[in-house]
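Enquirer: Starting from the structure of chain A, add chain B where the hints point.
Taken in sequence, the protein lines are chains A and B. Per this note's numbering, the very first residue in the first sequence carries number 1; after that it's consecutive. Per this note's numbering, the very first residue in the second sequence carries number 1; after that it's consecutive.
Treat the hints with care, as some may be off.
Unchecked claim - Derived EDC-like pairs (lysine to aspartate or glutamate); straight-line CA-CA distance at most 16 Å: (1) K53/B - D38/B; (2) K3/B - E42/A; (3) K104/A - D38/B; (4) K99/A - D59/B; (5) K107/A - D38/B; (6) K99/A - E8/A; (7) K104/A - D59/B; (8) K53/B - E30/B; (9) K55/B - E98/A; (10) K68/A - D55/A; (11) K55/B - D38/B; (12) K107/A - E76/A; (13) K71/B - E30/B; (14) K18/B - E62/B; (15) K71/B - D38/B; (16) K57/B - D26/B; (17) K99/A - D95/B; (18) K60/A - E8/A; (19) K99/A - E56/B; (20) K99/A - E30/B; (21) K57/B - E98/A.
Said to hold, decoys possible - Pair ranges (Cβ atoms, derived): (22) S67/B - L13/A: 37 to 45 Å; (23) N22/A - V52/B: 38 to 46 Å; (24) S14/A - E79/B: 22 to 30 Å; (25) P39/B - P112/A: 24 to 32 Å; (26) K18/B - Y30/A: 36 to 44 Å; (27) K18/B - S14/A: 13 to 21 Å; (28) K70/B - L13/A: 26 to 34 Å; (29) S7/B - E16/A: 36 to 44 Å; (30) E56/B - N111/A: 38 to 46 Å; (31) R9/B - K52/A: 35 to 43 Å; (32) S97/A - V52/B: 18 to 26 Å; (33) K68/A - E56/B: 24 to 32 Å; (34) N59/A - E79/B: 37 to 45 Å.
What the hints contain is simulated information worked out from the structure, not anything from laboratory work. Cβ atoms here follow ideal geometry from the backbone N, Cα and C, with glycine treated the same way.
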Amino acid sequence: GNSVTQMEGPVTLSEEAFLTINCTYTATGYPSLFWYVQYPGEGLQLLLKATKADDKGSNKGFEATYRKETTSFHLEKGSVQVSDSAVYFCALKRGGSEKLVFGKGMKLTVNP
Amino acid sequence: DVKVTQSSRYLVKRTGEKVFLECVQDMDHENMFWYRQDPGLGLRLIYFSYDVKMKEKGDIPEGYSVSREKKERFSLILESASTNQTSMYLCASRDPGQGSGSYNSPLHFGNGTRLTVT
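If we strip away everything but chain A, and leave its shape as in the complex, we get:
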């Protein structure tokens, strides 16, 4: 079946540190891949997405590249800020399905 495996954390970083959150997936066909972010007290919101191999999604200084050969979609940011403290979810959507399959989420805390 379709599944997403991501780092679970929690992770604590200092401001301006480099961030990588690993995400790998298992899916039939060619899924679309997403990163969603959940700030404290809020619902999830889309951070970035990539819909085909080698696509790079980017937003708010975050980047992720769709790597079909390694079935990965790792999230990176060069310099995190306190405002990036949130829970990050990797997700996939298979063609022909309305279902979004989420990873377990990773809580990030960034300290000043």
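Expert: Chain B in isolation, oriented as in the chain A frame:
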């Protein structure tokens, strides 16, 4: 901006009660979803609806039902609440639209309802 509103932020109910969780979206989206979020398990899909009066089971529908009488409103019903249904419930909507770009249009989430069943 799309707004998805869940009627309650916190809810405490007793075992055996019938519980209604309400969700309203203001962007005329056709598709609506109910997820539950639990620590260590992430988000799991309970039910979704792609049109008025239409519904599909998600991955964990047992113990739940849904109602969609109007396009903007999607209700989750716990017929007889149990303690293992204590969780954060998230509603979401999406416009499937038309054209290649709309296929991956994002989910828009409400802020969640934290339900405690005692």
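Enquirer: Are the hints correct? Go through all of them and say.
Expert: Hint check results:
For a cut-off of 16 Å, the pair hint linking K53/B to D38/B is broken: about 28 Å separates their Cα positions. Annotation: proposed proximity of K3/B to E42/A holds, straight-line Cα distance about 12 Å (limit 16 Å). With a C-alpha separation of about 9 Å, the suggested pairing of K104/A with D38/B holds against the 16 Å cut-off. For a cut-off of 16 Å, the pair hint linking K99/A to D59/B stands: about 9 Å separates their Cα positions.
For the hint linking K107/A to D38/B, the alpha-carbon distance of about 13 Å falls within 16 Å, and the restraint holds. With a C-alpha separation of about 22 Å, the suggested pair K99/A and E8/A falls outside the 16 Å cut-off, and the hint is violated. Distance hint between K104/A and D59/B is fulfilled; the C-alpha atoms sit about 15 Å from each other, no more than 16 Å. A C-alpha spacing of about 11 Å is found between K53/B and E30/B, which places the hinted pair at or below 16 Å, so the restraint holds.
With a C-alpha separation of about 12 Å, the suggested pairing of K55/B with E98/A holds against the 16 Å cut-off. Annotation: proposed proximity of K68/A to D55/A holds, straight-line Cα distance about 10 Å (limit 16 Å). Straight-line distance between C-alpha atoms of K55/B and D38/B comes to about 23 Å, which puts the hinted pair past the 16 Å bound. Distance check on the hinted pair: K107/A and E76/A sit about 15 Å apart at the alpha-carbon level, within 16 Å; holds.
Simply put, K71/B and E30/B have alpha-carbon atoms about 7 Å apart, close enough for the 16 Å limit, and the pair holds. Using a Cα cut-off of 16 Å, the hinted pair K18/B and E62/B holds, with the two alpha carbons roughly 15 Å apart. Taking the CA atoms of K71/B and D38/B, the gap is near 28 Å; set against the 16 Å cutoff, the hint is violated. About 24 Å separates the Cα atoms of K57/B and D26/B, which puts this hinted pair outside 16 Å; it is violated.
With a C-alpha separation of about 13 Å, the suggested pairing of K99/A with D95/B holds against the 16 Å cut-off. This hinted pair does not check out: K60/A and E8/A have alpha carbons roughly 22 Å apart, beyond 16 Å. Between K99/A and E56/B, the direct Cα distance comes to roughly 10 Å. Compliance with the 16 Å bound is thereby established for this hinted pair. About 14 Å separates the Cα atoms of K99/A and E30/B, which keeps this hinted pair within 16 Å; it holds.
Proximity of K57/B to E98/A is assessed by CA-CA distance (about 11 Å); at most 16 Å being required, the pair is judged to hold. Between S67/B and L13/A the beta carbon distance is about 44 Å. The supplied range of 37 to 45 Å therefore holds. Between N22/A and V52/B, the C-beta spacing of about 41 Å keeps the proposed range 38 to 46 Å intact. The hinted range of 22 to 30 Å is not satisfied by S14/A and E79/B, whose Cβ atoms lie roughly 49 Å apart.
Between P39/B and P112/A, the C-beta spacing of about 26 Å keeps the proposed range 24 to 32 Å intact. Remark: the range hint 36 to 44 Å for K18/B to Y30/A is upheld by a beta-carbon distance near 43 Å. Checked against the hint of 13 to 21 Å, the C-beta distance between K18/B and S14/A comes to roughly 49 Å, which is inconsistent with it. The hint said 26 to 34 Å for the Cβ distance between K70/B and L13/A, and at roughly 45 Å that hint is violated.
Between S7/B and E16/A, the C-beta spacing of about 41 Å keeps the proposed range 36 to 44 Å intact. For E56/B paired with N111/A, a C-beta distance near 43 Å keeps the hint of 38 to 46 Å intact. At about 39 Å, the beta-carbon gap between R9/B and K52/A stays in the expected band of 35 to 43 Å. For the pair S97/A and V52/B, the beta carbons lie near 21 Å from each other, so the given range of 18 to 26 Å is met.
Between K68/A and E56/B, the C-beta spacing of about 29 Å keeps the proposed range 24 to 32 Å intact. The supplied range of 37 to 45 Å is met by N59/A and E79/B, whose beta-carbon atoms lie about 41 Å from each other.
Checked against the numbered hints given earlier, this structure breaks hints 1, 6, 11, 15, 16, 18, 24, 27, 28; the rest are met.
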